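> This is what each chain is made of:
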Amino acid sequence: MQKIDALPRRTFLAHLVSSSAFLIGARAGVLDFTGATTAERVSDADQAAWNPNVYLGIETDGRVILIMHRSEMGTGSRSVLPMVLAEELNADWRRVTLEQAIGDPKYGSQNTDGSCSIRDFYDTFREAGATARLMLERAAAQRWSVPAAECRAENHAVVHGPSRRQLGFGELALLARQQPVPKKEELTFKSRADYRYVGKNLPTADQDSFLNGKAIFGVDASMPGMVHASIERSPVFGGKLKSFDDRAAKAVKGVIGTVTIPDLRGPTMFQPLGGVAVLATSTWAAAKGREKLAVEWTESPNVAYDSSTFKASLIETVRQPQKVVRNVGDVDAALARATRTHEALYYAPHLAHAPMEPVAAVAEYKDGKVVCYANTQNPQAVQDTVAQALGIDKKNVECHVTLLGGGFGRKSKPDYVAEAALLSKSVGKPVKVTWSREDDIRFDYYHTVAAMYLKAGLDEKGKPNAWLQRVAYPSIGTTFNPAATHAEAFEMMMGWNDVPFDIPHHRAENGPAKNHVRIGWLRAVANVYQAFAIHSFVDELATLAKRDSVEYLLDLLGPARLVRLGSDYINHGKSQDEYPLDIGRYRHVLQLAAEKAGWGKKRLPPGRALGVAVHRSFLTYVAVVAEVEVDTSGRVRIPSMEIAVDAGTTINPDRVKSQFEGAGVFGTSIALMSAITAKQGVIQQSNFHDYRVARINEAPTQVNVHLVESTAPPAGVGEPGVPPVIPAICNAIAAATGKRIRELPVGRQLA
Amino acid sequence: MIRLTVNGEKRQFDGDPEMPLLWYLREELQYTGTKYGCGQGLCGACTIHLNGKAVRSCQTPVSRAANQSVTTIEGLSATATHPLQEAWREHRVPQCGYCQSGQLMQAAALLSEKASPSDEEIETAMRGNICRCGTYQRIRAAVKDAAAKMATQPRPSTKGAR
Chain A
1 MQKIDALPRR TFLAHLVSSS AFLIGARAGV LDFTGATTAE RVSDADQAAW NPNVYLGIET
61 DGRVILIMHR SEMGTGSRSV LPMVLAEELN ADWRRVTLEQ AIGDPKYGSQ NTDGSCSIRD
121 FYDTFREAGA TARLMLERAA AQRWSVPAAE CRAENHAVVH GPSRRQLGFG ELALLARQQP
181 VPKKEELTFK SRADYRYVGK NLPTADQDSF LNGKAIFGVD ASMPGMVHAS IERSPVFGGK
241 LKSFDDRAAK AVKGVIGTVT IPDLRGPTMF QPLGGVAVLA TSTWAAAKGR EKLAVEWTES
301 PNVAYDSSTF KASLIETVRQ PQKVVRNVGD VDAALARATR THEALYYAPH LAHAPMEPVA
361 AVAEYKDGKV VCYANTQNPQ AVQDTVAQAL GIDKKNVECH VTLLGGGFGR KSKPDYVAEA
421 ALLSKSVGKP VKVTWSREDD IRFDYYHTVA AMYLKAGLDE KGKPNAWLQR VAYPSIGTTF
481 NPAATHAEAF EMMMGWNDVP FDIPHHRAEN GPAKNHVRIG WLRAVANVYQ AFAIHSFVDE
541 LATLAKRDSV EYLLDLLGPA RLVRLGSDYI NHGKSQDEYP LDIGRYRHVL QLAAEKAGWG
601 KKRLPPGRAL GVAVHRSFLT YVAVVAEVEV DTSGRVRIPS MEIAVDAGTT INPDRVKSQF
661 EGAGVFGTSI ALMSAITAKQ GVIQQSNFHD YRVARINEAP TQVNVHLVES TAPPAGVGEP
721 GVPPVIPAIC NAIAAATGKR IRELPVGRQL A
Chain B
1 MIRLTVNGEK RQFDGDPEMP LLWYLREELQ YTGTKYGCGQ GLCGACTIHL NGKAVRSCQT
61 PVSRAANQSV TTIEGLSATA THPLQEAWRE HRVPQCGYCQ SGQLMQAAAL LSEKASPSDE
121 EIETAMRGNI CRCGTYQRIR AAVKDAAAKM ATQPRPSTKG AR
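The listed protein sequences derive, respectively, from chains A and B.
For the first sequence, position 222 matches number 222 in my numbering, and the numbering has no gaps at all.
For the second sequence, position 104 matches number 104 in my numbering, and the numbering has no gaps at all.
Here chain A stands alone, though its shape is the one from the complex (with noise of 0.2 angstroms):
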């Protein structure tokens, strides 16, 4: 095979990627977690026979490298986005192999959250794929002397129609190289009925991995003489250390000594907490040194930290007047002269991602540079934040994603990456970083605690003609600035001031909340306790109405047509016009839903009731009827669950099939079981027994899934499921029960 650098490099597919960075240099396994060299790398399919652009390499012998720039943790876009590239390729998806990319800007963006690896690559991926394709068939072509529309790609070959003479991909691997690079308009994409993957439920490359246990995740991965590390943190967020002592740490079979991480100074960031680190010849070890340690921390303002007090001073300030973030007609007046009004209050607390593979990293700093192997959705952040901590730059971090034990936003926050840079550099070898269970969920950057007032103006029909919505939380803007008090646009986007609803005075506020402890994003972020508010409080307007909910709700969205929001309101980063708020998708999916769930026609023994929610995030629209069935010691049992989807074009039904009846689950356990709580700024569960997540016997039996067929863009599909999961359940359980849940989760509300 050609060396890379002997070959020009080619810049052409610029309009595909920002950035045409490239290192040149030593060869690694694609897979190889181990025995990682310090040499700068370059991909397998930078370094193919042909290298089109950064995500696409072919060899000459055949073989398709496609780079999967994305991480993987569980929504198999590892899988499915490359399927994208080699549908409109042609190519034999048998002989193509996946490489996971390092991180990288040439990439674009690898933060794998906002569910948006298939909406913002998938136009990316297939014009790499038809770009590639046409110029296979003109090397074809020139090859046979023949005119290049009499050839086509089909299967790994380019076949000259007339005579049915064929060459392989590989064989015109070199020829192809030299084409001149068309331009966008000369592009031509395959008709979804010629589809060969796309469309397909194809197995994940990763499946049989996770079947046999050769499935390498954060905490597998390994480099050559390599230790372990525990850390301790102050129990209080922003407490320093002030003393310690090691010496009976160090007394432990296997521990090898202490090192101090700096306390954590400026903005949180991505930033190490701070604290102190056992190195040890094993995970054990350095467990069991931890223990040993005694530790002393200043006392952090945050020391103050109450769960319940908080809740008192969030509701207050809800009850007050507040900043406008949305405001059509005029509500105060609206609601003086109103019938009726219905008032509501809602409050849902901090939550922890806790994913079942917990934060985990190896790290070696060596020669000024970093290679790292992480269970990261961030491999860039990976590489900004160990440069910073360790004052280096950043293209001497190189960072290996493996596969990940779950994400749900906690892995794009790269903290523990750069603690184990940060030790390996004060010992001198490779060091591992294994969250515990414990650290997990008493360190997390958390999902934020929030309340919710809702007021309505009712007119004699019991329909509102004034709305009035306030929240207040503490906004991960504070993450980033400690001195954000006020939610960011990104998190008003998520279910406040995009609220569908046709009322013809409606108002929304959001009030101030400072931060305790380190807020984050966790799946389906501020549209959790925004669209548990405003779809329960609907809800409650419809039991006042007396009327059927399905019914009051596709009153309150109107007739189908476009809702057009100011410049304001952010739609994710996409135009209104690609993708609009869109009242007749919304009544599709809760009609679908309803219909499939029998809807005023199941007949339910007492104690057992259907709920309904519908709402669009990640600019995906999703329907809700959950069906609840309360014991009489209170116990909620959920039997089914029907979820209708319009995701515009999917890629692979199965995967988003999977995607919300996993958001089914996610759902249940914020809706009946989790939370976190704060008490003298100590963060008060640590396990699986006093963070309950659902367990089999508590996750709903069957969550049916129904997707719409559609050819709108593709929207986003891990985390839209989850929100109308959860007042889908809280009015099932109102409908049930009738006691009315206002404050998440239900626990033993019930009882």
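If you're looking for bench data, these hints aren't it; they were derived computationally from the structure.
Mixed in with the good hints, there may be bad ones.
Selected chain A positions facing chain B (in silico; Cβ < 7 angstroms) [stated by the list, open to error]:
| hint | residue |
| --- | --- |
| 1 | Pro355 |
| 2 | Pro653 |
| 3 | Asp654 |
| 4 | Asn697 |
Reference listing, derived: stretches of chain A covered by chain B, where coverage requires no fewer than 3 residues with Cβ under 8 angstroms from a Cβ of chain B [stated by the list, open to error]:
| hint | segment |
| --- | --- |
| 5 | 67–77 |
| 6 | 424–432 |
Predicted, not measured: the structure shown is a model, and the values here were computed from it.
Ideal Cβ positions, reconstructed from N, Cα and C, are used throughout, including at glycine.
Let chain A serve as the given structure and place chain B on it in line with the hints.
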């Protein structure tokens, strides 16, 4: 010196006898398919077989496995074709995949004791195994399918690859 058998191979261990099997398997024998999830026997990610019975390896000191036989996910079937693994494939159970080794080992122990478990028996056996992605309904369906297939086929060994 502790002698034990792991996935059919004889092993000797002379470290801290109180060290949980989990860490011995993962860090000394490189059987990393057995996962850490909670360290307290609360989540089931570390489930292995000790003489064919499901145990939480995070709660099982190496000393307890002396002169006994340990099977991990790597040893459930030499070719990863245990009926449960096949059913998991067919139902496309895994999402992130992390808890699935423990789920499979727990389910295999269940089926070796109860050839055709009821829904309730499946829930009782599997409720110690948390899946945060929420693959439970596919797990339930796959266990039932595997049980049905095993009823018409010879029982596979769950004692590990030889």
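> So which hints don't hold here, by number, going up?
2 and 6
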